[in-house]
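Trainee: Starting from the given sequences, assemble the full structure and let the hints guide the process.
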Amino acid sequence: MVKVLGLLSDGYGCSGGIAQYNRDLVSALSEIEGVSLYVQQIHGVEGVESVVPYEVSHSRITFAVAAFRNVISFRPDVILCGHINFVWLVSLANLFAKARVWLQIHGIDAFESPGAITFHNVGKVDLVTSVSRYTRRRFIEWSRLEPERVKVLPNTFDVALRPLTRNDLAEDLKSRYQGKKILLTVGRLDPREAYKGHDLVIEALPELIRKNRDLVYLVVGTGEDVHRLKRLAEDKGVSEFVEFAGYVAQDCINAYLSLADVFVMPSTLEGFGIVFLESMAAGTPVIALRGSGSDDACQDGSLGLLTTHESLVEDILSSLNTNPSKDLAQQVDEVFGVDRFKRHVRRLLSHLERAT
Amino acid sequence: MCGVATLYNYHYASPAVDIPALGVLREELRHRGPDSQDVWVSDDSRIGLVHTRLSIIGPDERGRQPMTIDDQVVISFNGEIYNYESLRDRYLESSSLQSETDTEVVLRLYLLFGVDMLPMLDGMFSLLIWDARRDQLIAARDGYGVKPLYYLDNGWAFAASSEVRALESTGIELTLDPAGLVGFSIFGHVPEPFTSYREVRSLPPGTYITVGSLGASEPVEFADISSDLRRLDARDIAASENLREALLNSVRDHLVSDVPVSLFLSSGLDSAALLWAVKQLNRTEQLTALTLRFEEYENSLVDEAVIAGKIAEQSGVRHVPVTWSKADFLNHLPAMIAAMDMPTCDGLNTWMISRIAADHGFKVALSGIGGDELLGGYPAFRDVPRWKYQFGLLAHIPMLGRIAENLSGYLPAGLEKAPSLLRYADTTAGAYMVRRGIFMPHELKEFLPMELVREGMARLDPLGLMASKTVGFSSVESEVASLETQCYLRSQLLRDADWAGMSQGVEIRVPFAYPPLIQRAAPGIDLKGGKAENLLRAGIGLPREVTARSKTGFTLPMASWITSGNEHWSRTWVRQIVMKLLDDGSWKRELELELL
Numbered sequence: 382m383v384k385v386l387g388l389l390s391d392g393y394g395c396s397g398g399i400a401q402y403n404r405d406l407v408s409a410l411s412e413i414e415g416v417s418l419y420v421q422q423i424h425g426v427e428g429v430e431s432v433v434p435y436e437v438s439h440s441r442i443t444f445a446v447a448a449f450r451n452v453i454s455f456r457p458d459v460i461l462c463g464h465i466n467f468v469w470l471v472s473l474a475n476l477f478a479k480a481r482v483w484l485q486i487h488g489i490d491a492f493e494s495p496g497a498i499t500f501h502n503v504g505k506v507d508l509v510t511s512v513s514r515y516t517r518r519r520f521i522e523w524s525r526l527e528p529e530r531v532k533v534l535p536n537t538f539d540v541a542l543r544p545l546t547r548n549d550l551a552e553d554l555k556s557r558y559q560g561k562k563i564l565l566t567v568g569r570l571d572p573r574e575a576y577k578g579h580d581l582v583i584e585a586l587p588e589l590i591r592k593n594r595d596l597v598y599l600v601v602g603t604g605e606d607v608h609r610l611k612r613l614a615e616d617k618g619v620s621e622f623v624e625f626a627g628y629v630a631q632d633c634i635n636a637y638l639s640l641a642d643v644f645v646m647p648s649t650l651e652g653f654g655i656v657f658l659e660s661m662a663a664g665t666p667v668i669a670l671r672g673s674g675s676d677d678a679c680q681d682g683s684l685g686l687l688t689t690h691e692s693l694v695e696d697i698l699s700s701l702n703t704n705p706s707k708d709l710a711q712q713v714d715e716v717f718g719v720d721r722f723k724r725h726v727r728r729l730l731s732h733l734e735r736a737t
Numbered sequence: 005m006c007g008v009a010t011l012y013n014y015h016y017a018s019p020a021v022d023i024p025a026l027g028v029l030r031e032e033l034r035h036r037g038p039d040s041q042d043v044w045v046s047d048d049s050r051i052g053l054v055h056t057r058l059s060i061i062g063p064d065e066r067g068r069q070p071m072t073i074d075d076q077v078v079i080s081f082n083g084e085i086y087n088y089e090s091l092r093d094r095y096l097e098s099s100s101l102q103s104e105t106d107t108e109v110v111l112r113l114y115l116l117f118g119v120d121m122l123p124m125l126d127g128m129f130s131l132l133i134w135d136a137r138r139d140q141l142i143a144a145r146d147g148y149g150v151k152p153l154y155y156l157d158n159g160w161a162f163a164a165s166s167e168v169r170a171l172e173s174t175g176i177e178l179t180l181d182p183a184g185l186v187g188f189s190i191f192g193h194v195p196e197p198f199t200s201y202r203e204v205r206s207l208p209p210g211t212y213i214t215v216g217s218l219g220a221s222e223p224v225e226f227a228d229i230s231s232d233l234r235r236l237d238a239r240d241i242a243a244s245e246n247l248r249e250a251l252l253n254s255v256r257d258h259l260v261s262d263v264p265v266s267l268f269l270s271s272g273l274d275s276a277a278l279l280w281a282v283k284q285l286n287r288t289e290q291l292t293a294l295t296l297r298f299e300e301y302e303n304s305l306v307d308e309a310v311i312a313g314k315i316a317e318q319s320g321v322r323h324v325p326v327t328w329s330k331a332d333f334l335n336h337l338p339a340m341i342a343a344m345d346m347p348t349c350d351g352l353n354t355w356m357i358s359r360i361a362a363d364h365g366f367k368v369a370l371s372g373i374g375g376d377e378l379l380g381g382y383p384a385f386r387d388v389p390r391w392k393y394q395f396g397l398l399a400h401i402p403m404l405g406r407i408a409e410n411l412s413g414y415l416p417a418g419l420e421k422a423p424s425l426l427r428y429a430d431t432t433a434g435a436y437m438v439r440r441g442i443f444m445p446h447e448l449k450e451f452l453p454m455e456l457v458r459e460g461m462a463r464l465d466p467l468g469l470m471a472s473k474t475v476g477f478s479s480v481e482s483e484v485a486s487l488e489t490q491c492y493l494r495s496q497l498l499r500d501a502d503w504a505g506m507s508q509g510v511e512i513r514v515p516f517a518y519p520p521l522i523q524r525a526a527p528g529i530d531l532k533g534g535k536a537e538n539l540l541r542a543g544i545g546l547p548r549e550v551t552a553r554s555k556t557g558f559t560l561p562m563a564s565w566i567t568s569g570n571e572h573w574s575r576t577w578v579r580q581i582v583m584k585l586l587d588d589g590s591w592k593r594e595l596e597l598e599l600l
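Note that the protein sequences, when read in sequence, are chains B and X. Quick note: the first sequence uses the working numbering, first residue 382, plus one each step. Quick note: the second sequence uses the working numbering, first residue 5, plus one each step.
It should be emphasised that the hints constitute simulated quantities derived from the structure, not laboratory data. Since we're looking at a predicted model, the values are computed, not measured. Keep in mind that a hint or two might mislead.
[What the hints assert, rightly or not] Ranges of calculated distance between the beta carbons of each label pair, as one might list FRET restraints:
#1 His501/B <-> Arg287/X: 53 to 61 Å
#2 Ile413/B <-> Asp262/X: 51 to 59 Å
#3 Ile442/B <-> Leu397/X: 25 to 33 Å
#4 Lys505/B <-> Gln140/X: 25 to 33 Å
#5 Gly118/X <-> Gln631/B: 31 to 39 Å
#6 Glu734/B <-> His336/X: 39 to 47 Å
Ideal Cβ positions, reconstructed from N, Cα and C, are used throughout, including at glycine.
Mentor: Printed below as a string of structure tokens:
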């Protein structure tokens with residue numbers, strides 16, 4: 382029996398890419414024979430359907446207290462540290478368990494050294510999994526950890542996502558966008574995540590609209606940055622072509638992804654970008670900016686189109702005018718499907734158990 | 005000796021290997037193996053192996069690589085295994101062999117023993133073995149580190165090559181390593197395991213790694229040169245004659261070849277000792293001695309050819325002295341710089357003598373490299389213990405060294421490093437760094453950005469890196485031998501011999517840098533006695549002319565040819581290269597013109 386204690390930031394009862402990733406990881410671990418798993422989260426709500434028992438702490442202090450309590454009572458063999466900011470806590474609590482530590486890093490939080498304490502404690506970690514090569518490279522640069530200890534475990538995506546035809550969509554969606562070409566971005570509109578590239582698309586709109594009057598730029602997601610983006614659209618004289626759809630529940634997202642003609646998110650600092658996978662799983666081609674974790678999601682250009690600042694307009698136009706591959710959903714499943722993800726998680730756990 | 009490379013897209017999300025990229029790798033390594041160049045790709049296109057061949061043993065078509073046995077295992081091998089015949093006779097049935105090569109013996113031993121066969125191999129090698137049965141790649145390197153192997157793992161793909169610059173063609177993003185730049189600035193070479201690039205590392209000698217679906221493992225040690233070198237601490241005078249037999253055995257092993265062999269003969273002790281061994285083995289008829297001489301030194305005291313000619317004549321070996329002028333050197337300088345794999349402040353002499361060997365039709369040459377490190381031949385064997393004694397206590401006084409270093413700018417050229425003794429001479433590693441260093445750490449900010457120096461020093465940790473090579477030795481002299489062997493010899497001389505020789509299609513063999521020789525001879529060596537004394541006490545016959553004069557090695561009139569002014573040429577050279585690298589990432593273009 383291998384006992385795994387997961388200390389996660391987001392998970393059950395949370396939205397967003399990190400929460401989805403953590404749930405997928407927990408689910409994959411729970412399916413491994415002989416693994417007993419317990420999870421504590423700092424965000425989320427209790428009572429959501431889950432594959433393992435979990436608790437939510439809501440504050441840093443209660444989270445830290447719960448970590449010590451769980452380490453002492455659960456006596457884990459492996460502690461899964463779901464966020465780099467928890468490394469110090471895991472190190473300290475682990476004095477009572479001597480468990481192997483598995484750190485998961487996601488993106489921007491691991492790009493630069495968060496400080497001396499984290500730097501010191503990262504050196505004690507047995508295994509790091511990074512969501513992408515880019516995040517891994519940025520992490521290794523400052524952490525000076527042996528590269529062999531840092532593996533890549535990419536996102537997978539919800540198996541329920543599938544390509545929908547126009548007939549499958551709700552009437553209001555169908556009628557609202559009848560005859561339109563839809564450019565879509567899905568992501569949090571957080572001022573701290575302004576790197577996602579909504580600005581770049583809005584700035585490109587005047588030229589895109591000149592070539593295609595039927596274009597609509599649909600922005601899904603909520604956050605404080607929406608005001609700035611609306612102002613930018615007004616300044617550029619394209620506000621009538623930009624629709625801010627706000628929050629869309631996960632069970633409705635498939636419709637939006639399938640509705641779009643092209644999904645574009647020219648993020649400059651993306652850790653990976655699970656939405657690229659989700660979009661392709663929904664049959665919609667994607668465009669990302671080359672040079673960050675998006676390279677992985679687009680499989681270096683084999684699955685999605687990687688563009689540059691200079692070529693963004695040209696590439697969007699050419700994607701809008703190209704019929705998407707009918708096999709796109711199947712292709713993305715063959716590369717990033719959940720079965721491959723689970724197999725890799727199994728290998729990683731087995732590798733961690735063997736590590737000295 | 006050959007070129008090897010691989011691209012292995014091991015991660016499940018990674019696309020198949022880029023076949024044209026394998027072709028580019030092959031072309032990048034063509035100079036290392038002019039006789040044949042081949043690429044092997046697995047059926048699922050996840051992995052490709054590259055091999056360029058300089059055929060020396062079993063040179064016919066059956067020895068082509070990458071070599072496979074029943075598609076179960078595939079090897080790309082660089083180097084020579086000197087005991088392959090005895091291993092073959094002991095473990096393999098001759099009828100099962102398809103070639104006469106050491107490579108096939110290595111591969112069949114792998115089938116029998118897996119990685120446990122690595123400690124059985126005596127020789128210089130780097131190898132890549134794809135094991136289809138386990139979906140696993142093995143990469144390994146000899147214990148002394150004679151043959152290089154560089155690798156990178158970006159989380160999806162693994163790549164390895166005999167040369168760093170070949171990895172530039174893989175399409176994997178590479179960034180300059182501050183540790184490499186700082187290391188080169190201090191030592192004149194990039195110290196292992198660092199390279200010019202942050203992402204690329206040198207596989208530690210005597211280790212192997214496995215690469216599977218999770219990427220590269222950490223290196224696993226199968227041979228430890230440190231433990232061989234610790235035998236130097238025995239100082240058993242009764243065993244001093246062991247060196248004689250060990251040298252004879254080593255030279256006998258290093259003469260294994262199906263093509264003619266040459267010897268780089270200077271007027272120094274090492275090459276003379278090798279020639280003595282060749283004569284004892286009655287193999288002089290098979291050998292040609294080559295000597296590089298310089299026009300402006302002709303018939304002077306530093307003319308290598310005068311004494312070399314006498315030694316060769318006494319031994320009855322064919323001798324070919326070749327004279328180079330300043331004009332010859334300058335004509336070839338761009339080609340020499342182009343051939344360098346990583347920045348270095350040495351190796352030009354080896355390039356020239358290798359060129360002479362190639363011009364005379366030789367693919368194999370014996371070199372005396374390694375003798376000074378093992379037999380106490382360098383000044384460091386005298387200076388480091390003396391400096392520790394004289395300055396060691398002063399170096400403990402807080403801030404004294406730093407204050408002295410701040411005043412170093414007022415010292416005349418040639419004494420810039422002296423104040424650093426007051427900071428570093430309390431340890432063997434520190435005193436050794438002052439002895440071998442070109443620039444001291446405090447000088448780097450004069451031509452490198454402060455932030456780069458800070459990060460480079462933190463990553464490199466030069467004192468820590470060197471101190472790790474002195475663990476477990478009981479005398480300062482044996483610590484110096486370890487440092488000379490595991491730092492200077494490995495990261496400078498052997499690496500330079502590799503790129504310089506291979507750029508000319510010449511395999512340079514180093515009988516003194518051979519674990520069986522160290523294991524046998526080390527207990528009887530007296531490092532305080534010096535090289536000549538050790539050789540003579542072992543009964544190795546050396547001509548009086550050689551022992552009577554101080555060691556000159558391959559002396560180059562380098563200073564006057566490529567630089568002017570009071571500063572030592574190596575400081576000018578290093579500074580120019582580093583500044584070029586920071587400027588545009590390419591240090592080779594027009595470097596020679598600026599130096600001139």
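Trainee: Determine for every hint whether it applies to the structure shown.
Mentor: Here is how each hint holds up against the structure:
1. His501/B <-> Arg287/X: 53 to 61 Å: 59 Å, holds
2. Ile413/B <-> Asp262/X: 51 to 59 Å: Holds, since Ile413/B and Asp262/X (Cβ atoms, about 55 Å apart) stay within the stated range.
3. Ile442/B <-> Leu397/X: 25 to 33 Å: Given a distance of about 53 Å, which is not inside 25 to 33 Å, the answer is violated.
4. Lys505/B <-> Gln140/X: 25 to 33 Å: Once the Cβ atoms are compared, 29 Å apart, the range 25 to 33 Å for Gln140/X and Lys505/B holds.
5. Gly118/X <-> Gln631/B: 31 to 39 Å: 49 Å, violated
6. Glu734/B <-> His336/X: 39 to 47 Å: Given about 57 Å between the Cβ atoms, the range is violated.
In the structure shown, a violation is registered for the earlier hints numbered 3, 5, 6, in ascending order.
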